[in-house]
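Peer 1: Chain by chain, the residues:
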Amino acid sequence: MSSLVQSTIEKYGKDATRLMDIITDIKKELGVLGKGEFTEIADQLGLSSVEVEQTYSFYHFFSTDSRAKYNIYLNDSLVSEMMGRHEIAEAFEKSTGTKFGSISSDGLFSLHNTSCIGMNDQEPAAIINGTIFPRITTYRVRELIQQFRAGKEVEDMVNSFGGGKNQSDLIKSMVTNNLNRRGAVIFSNYEPATTLNKLKDLKPEQVIDEVKNSNLRGRGGAGFPTGLKWDFCTKSPGEVRYLLCNADEGEPGTFKDRVILTEIPHLLFEGMIVGGYAISAKEGILYLRMEYDYLKDYLNAILDDFRKAGWLGKNACGIEGFNYDIRIQMGAGAYVCGEESALIESSEGKRGEPRNRPPFPVQVGYLNKPTVVNNVETLCSVVKIIEKGADWYKAMGTKETAGTKLLSISGDVKYPGVFEIEWGMSIDEMLEMAGATNVKAVQVGGPSGRLIGQNEFHRTICYEDLPTGGAMIVIGEHRKILDVVKNFTDFFIEESCGSCAPCRYLTVILRNKLQKIIDGKGVTKDLDDLVMWGEQMKKANRCGLGQTAANPVLTSIENFRSEYETRIEKGKDFDTKFDLNKAIQNSSRYVGRFPQA
Amino acid sequence: MSKPIVATTSLAGCFGCHMSILDIDERILQLIELVDFNKSPVDDIKEFTTMCDIGLIEGGCCNSENVHVLKDFRKNCKILVSVGECAIMGGLPALRNNIPIEECLHEAYLNGPSTKDANPDKILPNNEELPIILDKVYPCHEIVKIDYYLPGCPPRADLIWNALVALVTGDELKLPYEVVKFD
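Residue numbers (the working numbering), protein chains in the order written: chain A, 1 to 597; chain B, 1 to 183.
These are computed hints drawn from the structure, not numbers from a lab. Model, not experiment: these values are computed from the prediction. Yeah, the Cβ is synthetic: ideal placement off N, Cα and C, and Gly gets one too. Among the hints, erroneous ones may be present.
As a list, the in silico BS3-like pairs of lysine-lysine whose alpha-carbon atoms are at most 27 Å apart [what the hints assert, rightly or not]:
1. B:LYS3 - B:LYS46
2. B:LYS145 - A:LYS486
3. A:LYS513 - B:LYS71
4. A:LYS486 - A:LYS369
5. B:LYS78 - A:LYS577
6. B:LYS145 - A:LYS582
7. B:LYS71 - A:LYS516
8. B:LYS181 - A:LYS539
9. A:LYS525 - B:LYS71
10. B:LYS75 - A:LYS577
11. B:LYS145 - A:LYS572
12. A:LYS525 - B:LYS145
13. A:LYS521 - B:LYS145
14. B:LYS46 - A:LYS525
15. A:LYS582 - B:LYS75
16. A:LYS203 - A:LYS152
17. A:LYS572 - B:LYS71
18. A:LYS582 - B:LYS71
19. B:LYS174 - A:LYS539
20. A:LYS513 - B:LYS75
21. A:LYS369 - A:LYS14
22. A:LYS577 - B:LYS145
23. A:LYS521 - B:LYS122
24. A:LYS200 - A:LYS165
25. A:LYS521 - A:LYS572
26. A:LYS152 - A:LYS99
27. B:LYS71 - B:LYS3
28. A:LYS538 - B:LYS181
29. A:LYS572 - B:LYS78
30. A:LYS212 - A:LYS198
31. A:LYS570 - B:LYS46
32. A:LYS521 - B:LYS78
So the derived label-pair ranges between C-beta atoms look like this [unchecked claim]:
33. A:LYS539 - B:ARG74: 27 to 35 Å
34. B:GLN30 - A:LYS539: 36 to 44 Å
35. B:GLU172 - A:ALA222: 57 to 65 Å
36. A:SER102 - B:ASN127: 56 to 64 Å
Among the chain A residues that face chain B by a calculated CB cut under 7 Å, a handful are [what the hints assert, rightly or not]:
37. LEU466
38. TYR590
39. GLY592
40. ARG593
Could you build all of it, start to finish, from the sequences and the hints given here?
Peer 2: Right, here's the structure in full:
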């Protein structure tokens with residue numbers, strides 16, 4: 001038994017549900033885990049070794065080999081590509097002398113692709129040993145690698161601090177906030193603990209009623225009424241309940257939670273306390289994506305302040321019998337963990353595979369107890385609703401969508417960043433606000449949302465019309481729509497958990513069809529297949545990822561059909577483009593035959 | 001009116017689907033009333049002698065000959081049906097698809113338990129009479145257009161029968177649960 005495994009497991013009280021943290025800590029030391037570690041961990045936790053291995057292999061930041069001294073994860077999201085990722089990737093390969101997916105022969109560098117890291121407003125960006133390097137240029141790549149070769153540490157290469165709290169001692173990051181527009185709710189004037197002070201005069205039911213009256217809807221994208229969710233949870237049988245906050249914003253193009261977590265984490269933790277009080281939760285868990293690991297120490301320090309101030313712990317907020325604390329659960333790189341039941345599974349130390357529903361998390365959630373999972377922005381809104389009242393909140397926004405929304409705007413715009421708007425703004429206004437001209441398309445709500453063209457720019461952002469979790473990717477006139485769609489489809493292939501066969505296979509088949517069309521080999525049948533098979537994805541998959549994975553294909557064909565049609569062969573219905581000569585090439589060479597097929 | 005003409009073939013299959021065709025038992029008497037056969041192992045006609053109405057394909061394509069035969073069927077049949085798992089998805093032979101063809105050949109002829117010591121000259125089959133193995137096993141619809149698919153390993157005799165009758169008579173295909181369940 002290695003002492004590292006032993007001490008790590010003891011640190012987490014030999015608790016198998018903390019497997020994520022256990023693997024994270026051991027991996028930080030070893031860079032890679034093997035059968036030996038799986039067995040050791042399994043023996044100690046009372047699991048089988050495959051249970052440990054399957055959790056390990058599921059997550060991107062676990063399963064990638066990071067034994068090099070400098071492990072470089074370069075974002076491969078669409079906006080990263082738009083901002084010149086290709087040249088950066090080439091520069092990294094050239095200067096490190098290794099390819100993506102491998103480690104350099106001197107053991108100094110490993111290169112990995114990674115899905116959107118929440119830095120779309122400052123691409124191309126990479127994570128090197130946990131430190132974010134935004135706005136990378138080819139010059140910067142050469143400089144970094146040169147200095148690393150000369151023995152510099154990653155921290156030594158942090159040559160500027162982003163604005164605001166990014167400069168604080170516990171963050172010291174180059175990430176900039178780009179908070180371009182403050183609104184009336186989330187980024188309004190904030191006096192910490194105003195709401196917490198009010199809490200002891202309110203019954204939990206009163207808190208729920210106020211939130212219900214405010215018509216607040218979940219900000220993750222689905223828009224479920226928050227008050228109702230809390231109500232359902234409290235009515236589920238059982239004394240023990242949990243509140244989970246979803247800070248796993250993995251939808252490519254969204255980065256609003258990053259700014260909240262950096263600038264106003266007090267507001268979020270206050271929201272987690274209000275929510276925890278409303279549903280009488282035993283514990284609150286902030287599920288933080290691994291990409292935001294650089295904020296962890298800072299957030300933990302604030303939680304300590306909260307404990308010292310009596311806002312957390314025994315009789316929290318001075319309320320007799322309200323014993324409540326918050327802990328941070330780190331993710332490890334899996335988009336699907338943003339789905340609430342997958343997030344719960346992951347928090348329990350398992351693969352982040354979505355659960356079957358019903359039962360819903362409010363009935364059977366974390367550790368099989370009734371659980372509320374709320375978005376970061378939702379919980380922040382709650383604090384202001386309790387402070388200023390439901391009527392104040394309801395007065396903003398549209399009839400069915402109250403309040404404000406944080407938009408993460410990126411792509412071909414002059415001012416990428418976070419904008420807090422009132423619901424009901426039109427896309428045209430939004431583009432004008434962010435300084436975007438000559439726009440061909442907008443991806444509303446990230447890859448799982450809708451790709452809309454100019455004929456829909458009059459539509460308004462709200463649940464009655466264009467719902468969104470806040471990711472707005474602006475695509476300029478000079479871009480090719482099919483490249484956009486292919487990047488998104490590649491993303492879903494990478495992030496599919498593989499549980500449902502249609503999501504596991506059809507995503508690949510759709511990508512291959514797309515590639516065929518991009519290569520100029522497509523025929524009419526390919527286009528028809530894309531639509532017909534894409535529709536199946538909505539019906540045949542268990543969770544939101546699979547159900548929406550064909551959205552880029554479907555909405556782009558709906559709105560940009562001509563971009564497909566100009567690339568397919570005219571007057572030809574069907575052609576698989578099977579190439580017999582190519583198919584026999586390898587075996588002919590191996591057996592020593594060079595025939596005409 | 002002359003009877004519709006059927007052709008059948010087994011590509012990279014095990015002939016199990018053809019056995020399943022024979023499993024229609026006494027209905028084989030009805031079958032010969034209903035259709036004529038052309039190129040098929042059933043009557044041992046080797047080459048197409050006329051344009052056919054229905055082609056039943058068993059198996060996917062694992063070598064160059066399979067591809068030629070399949071294309072020949074497409075040319076000579078108005079309707080092509082992929083019969084069974086291998087024709088539809090590659091089936092068991094497609095298990096090799098994740099292994100490079102060089103490794104497959106090496107294992108089969110140079111390193112396998114039955115060939116390791118029996119092939120001292122390390123001969124690989126390369127006579128020009130032989131079909132050439134493809135880089136992987138392809139389902140039929142990745143080579144030519146397939147009109148219908150009959151799932152199963154093999155598809156039940158009743159499914160094949162119902163489908164044939166439906167195609168010939170133009171009636172709706174009957175698909176009760178019993179004919180498409182696989183256990």
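Peer 1: Tell me if the straight-line CA distance from LYS521 of chain A to LYS572 of chain A falls inside 27 Å.
Peer 2: holds, 11 Å
Peer 1: Do GLN30 of chain B and LYS539 of chain A keep their Cβ atoms within the hinted range of 36 to 44 Å?
Peer 2: With a Cβ separation near 38 Å, GLN30 of chain B and LYS539 of chain A satisfy 36 to 44 Å, so the hint holds.
Peer 1: What's the verdict on LYS145 of chain B and LYS486 of chain A, does the C-alpha distance respect the 27 Å limit or exceed it?
Peer 2: Answer holds: LYS145 of chain B to LYS486 of chain A is near 25 Å, not above 27 Å.
Peer 1: Mind checking the hinted window 27 to 35 Å against the Cβ distance between LYS539 of chain A and ARG74 of chain B?
Peer 2: Taking Cβ atoms as reference, LYS539 of chain A and ARG74 of chain B lie about 31 Å apart, which means the hint holds.
Peer 1: Just to be careful, I want the Cα atoms of LYS181 of chain B and LYS539 of chain A compared with a cutoff of 27 Å; is the pair within it?
Peer 2: holds, 21 Å
Peer 1: Compare the distance between the alpha carbons of LYS521 of chain A and LYS145 of chain B with 27 Å, and conclude whether the hinted pair is satisfied.
Peer 2: Holds. LYS521 of chain A to LYS145 of chain B sits at ~16 Å (cutoff 27 Å).
Peer 1: Check the hint pairing LYS525 of chain A with LYS145 of chain B against an upper bound of 27 Å on the C-alpha distance.
Peer 2: Holds - the C-alpha atoms of LYS145 of chain B and LYS525 of chain A are around 10 Å apart, at most 27 Å.
Peer 1: Could you grab the alpha-carbon distance between LYS577 of chain A and LYS145 of chain B and see if it respects the 27 Å cut-off?
Peer 2: holds, 11 Å
Peer 1: If you draw a straight line from the CA of LYS71 of chain B to the CA of LYS516 of chain A, is it 27 Å or shorter?
Peer 2: Holds. LYS71 of chain B to LYS516 of chain A sits at ~21 Å (cutoff 27 Å).
Peer 1: Within a Cα-Cα threshold of 27 Å, do LYS513 of chain A and LYS71 of chain B meet the stated pairing?
Peer 2: holds, 22 Å
Peer 1: Does the Cβ distance between SER102 of chain A and ASN127 of chain B fall inside 56 to 64 Å?
Peer 2: Given about 40 Å between the Cβ atoms, the range is violated.
Peer 1: Under the criterion that the straight-line Cα-Cα distance not exceed 27 Å, is the pair LYS75 of chain B, LYS577 of chain A satisfied?
Peer 2: holds, 16 Å
In this structure, the hints that do not hold are numbers 4, 14, 16, 23, 24, 31, 35, 36, 37, in rising order.
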